[in-house]
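Asks: Residues 0 to 137 (numbering that gives the first Met the number 0) are what the sequence shown spells out, left to right.
Calculated directly from the structure, the hints in this document are not laboratory data. Just so it is clear, the structure is predicted and the values come from calculations on it, not from any experiment. A few of these clues could be false.
Calculated cross-link-like contacts (lysine-lysine; reagent style BS3-like; alpha-carbon spacing at most 30 Å) [to be verified]: (1) K112 to K27; (2) K92 to K80; (3) K112 to K92; (4) K112 to K80; (5) K60 to K112; (6) K22 to K92; (7) K27 to K80; (8) K46 to K22; (9) K46 to K60; (10) K47 to K80; (11) K80 to K22; (12) K60 to K92; (13) K47 to K22.
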Amino acid sequence: MIESKNLRVFIVDDEPDVCWVLKILLQKHGYQVDVEESGNRALARLKKSGHLYQLVLLDAKLSDIEGVDLARLIRSETACKAPILLVSGYFYKDDSMVQDSMRNGLISGFVTKPFRHEDLLQAIETVLEHTRNDTSGL
């Protein structure tokens with residue numbers, strides 16, 4: 000079990016209600032949460048402080064940029080090394096774009112909307128545990 004206290008999560012989703020639900024759920028489980036509703040503003044924020052986050056929850060379809068495109072920019076233009084968990088109501092885990100993005104390491108996990116709280120928390124736990132195991136062997 001990952002200790003959530005002091006773990007900082009960055010939520011990027013253009014639906015205010017989804018942001019609110021995610022923020023409340025994660026705060027309830029001890030995470031520190033920051034939210035951005037625009038992909039471009041999220042990228043600007045990560046350029047300034049990307050090293051602060053241990054996880055990014057990224058919507059696959061933002062109003063100003065595709066989530067996978069934003070994930071590429073996060074990796075190429077920021078210091079953010081946090082795993083990215085893609086959240087989508089448009090794609091499914093077996094979609095080729097999702098599979099390719101996971102295979103090449105662009106995203107670390109995927110959750111389909113609508114999601115059950117338990118499923119999202121389990122996906123976060125899995126991604127963080129996997130990340131911790133990858134870095135502990137160095």
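Asks: Looking at the structure, which of the earlier hints fail to hold?
Replies: none
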